[in-house]
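Required output: the full structure, derived from the provided sequences and hints.
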Amino acid sequence: MNEKLRSLFDLTGRVAVITGGAGLLGRKHAEAIAGAGGIPVLVDIPAAEPVAAAAALEKEWETEVAGYEADITRPEQLEALKDELLTRFKRIDILVNNAANNPKMESGGGVSFSRLENFPLEIWNADLQVGLTGAFLCSKIFGAEMARRGSGVILNVASDLALVSPDQRLYREEGLPEDQQPVKPVTYSVVKTGLIGLTRYLATYWAQNGVRVNAISPGGVYASQPDEFVQRLEALIPLSRMADVDEYQGALLFLCSDASSYMTGTNLVIDGGRTCW
Amino acid sequence: MLVNLSASDLFSLKGKTVLLTGASGYLGRTFSRAVLENGARLIALGRSDRLGREVAEWQREFGRDQVTSYQIDMYDIEALGALLDTIVKGESSIDVLINNAHELGPNTGFNVEAGSFENASYDQWERHFLGGVYWPALTAQKLGPKMKAQKAGSIINISTMYALVAPSPALYEGTEMLNPPGYSASKAALLALTRYLASFWGRHGIRANAILPGPFSNVEDKSANSVSEDDPFLERLKSRTCLGRIGRPGELVGCLVYLASDASSYVTGQALSIDGGWTIT
Chain A
1 MNEKLRSLFD
11 LTGRVAVITG
21 GAGLLGRKHA
31 EAIAGAGGIP
41 VLVDIPAAEP
51 VAAAAALEKE
61 WETEVAGYEA
71 DITRPEQLEA
81 LKDELLTRFK
91 RIDILVNNAA
101 NNPKMESGGG
111 VSFSRLENFP
121 LEIWNADLQV
131 GLTGAFLCSK
141 IFGAEMARRG
151 SGVILNVASD
161 LALVSPDQRL
171 YREEGLPEDQ
181 QPVKPVTYSV
191 VKTGLIGLTR
201 YLATYWAQNG
211 VRVNAISPGG
221 VYASQPDEFV
231 QRLEALIPLS
241 RMADVDEYQG
251 ALLFLCSDAS
261 SYMTGTNLVI
271 DGGRTCW
Chain B
1 MLVNLSASDL
11 FSLKGKTVLL
21 TGASGYLGRT
31 FSRAVLENGA
41 RLIALGRSDR
51 LGREVAEWQR
61 EFGRDQVTSY
71 QIDMYDIEAL
81 GALLDTIVKG
91 ESSIDVLINN
101 AHELGPNTGF
111 NVEAGSFENA
121 SYDQWERHFL
131 GGVYWPALTA
141 QKLGPKMKAQ
151 KAGSIINIST
161 MYALVAPSPA
171 LYEGTEMLNP
181 PGYSASKAAL
191 LALTRYLASF
201 WGRHGIRANA
211 ILPGPFSNVE
221 DKSANSVSED
231 DPFLERLKSR
241 TCLGRIGRPG
251 ELVGCLVYLA
261 SDASSYVTGQ
271 ALSIDGGWTI
281 T
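In the order they appear, the protein sequences are chains A and B. Sequential numbering of the first sequence, starting at 1, is according to our numbering. Sequential numbering of the second sequence, starting at 1, is according to our numbering.
In short, the hints are calculated from the structure, not lab data. Each statement offered as a hint is correct.
Partial list, derived from the structure: chain B residues whose beta carbon lies under 8 Å from chain A:
1. A198
2. Q270
3. S273
Derived list of chain B stretches under chain A, where covered just means 3 residues or more per stretch with a C-beta under 8 Å from a C-beta of chain A:
4. 238-245
5. 253-265
A few chain A residues that don't get close to chain B, going by computed Cβ distances all over 12 Å:
6. E69
7. L86
8. T133
9. S189
10. V190
All C-beta atoms in this analysis are idealised placements derived from N, C-alpha and C, irrespective of residue type, glycine included.
In structure tokens, the structure reads:
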């Protein structure tokens, strides 16, 4: 590729904070950023072992990868992390709000707490804390630093379920009574839809400060789901397939680099066409 | 570095053949260079005499074999169909189709009183719907069998933010500028066509997406739809966006390369806004 286009997607020297960075997609985001010359900073809860994950990736890729433990629902931890990053790197260029609680899709025997009638308030609160409050706090703390410096990019990872409702028939299990059928929990739709609102809000709020804010809305990724589920889902998608785990890296680089310099407030939907028909 | 994920591979168009309509226009020239710089071979369709001069320049820079061009008046539907048949027959593969041509001048009611909704003629409406809908439909129809046989293809339709929002009369008051209704209507129809193709051809591995440029006024040329740098109209456009400026053609390139390349392999049926935040407020 010609130099001009290489530089279009280039992230050389740019520091990218990725929340939920030690998770499956978080590591893929980090890989894309590292591949374009940027410095990924994996931020995750201690149980996800972000420091070890970063060290392993750094060794594998032979490029700088940072990892930090932090609870993104705790402002004081994020302030401390910001100070640490500014001391170490002098800059924060990119924030990828990727963290979300894994929706619990338990099934079989007993009460299905994913169903709305049973959904515990504590889980509702915890899911919103991580998915929305965490994205708000990270944007507030890291985004404000970008605005102060006059440049930066925030990318919110939403979902195709920010655009359409879950089709609960996808998750059915034969033989279970209606009140025990597993469902996609309500918090997933609420958190992901909320992120789209946050995206548009921040886009105008910081437009004059050189901070662009966009979202991606990925569809489902192949991850050893049961065949029956996969077949049902594929039938809802014009490309007739789920996504491979690395198919979001192009979007990430496009929206985090200067290749998208005139885009802000948008939601790039990467769903194999699921929401177009 | 061991990670071989570099942007160069992910966004590369090397080995791909791209057919682009409206290749010698203000945005078309930038699109042409973008795909050539990224390694694709270009089949350039255009109407004006400028096409030949531009193509000669591109061939000098990127190699003679990298560009084939056809000067054609696309309103001659019979000639267009025959040309597309010839192109399809002569090419071993066509991987990307960029439907970019649209007439932006007095014949389509731009910047003339005859173009207002009250005055718009059948001829203007027909030109809009031919350019906005039928040309993209015909090119896709002609190239479709080849893309199906390849089990791959990316169709990119150039629409406009005015497919989503209406032009505001306040922008035009007291100026010579006029944005005709057929433009918005035909470009909105193009989004429906985009989704239709994505839906019906997804199973064949063919993707269809649209780009919605915001204000990308031509400040470089003197033409029927250009604007001078000091025109107060330009100030109105700038202040209407969130980013406070109009876009430069180069700022559409990232999106075009993303959609044309395998970097967007799971994106179809979408419309990407590149409008400095115009449509989010």
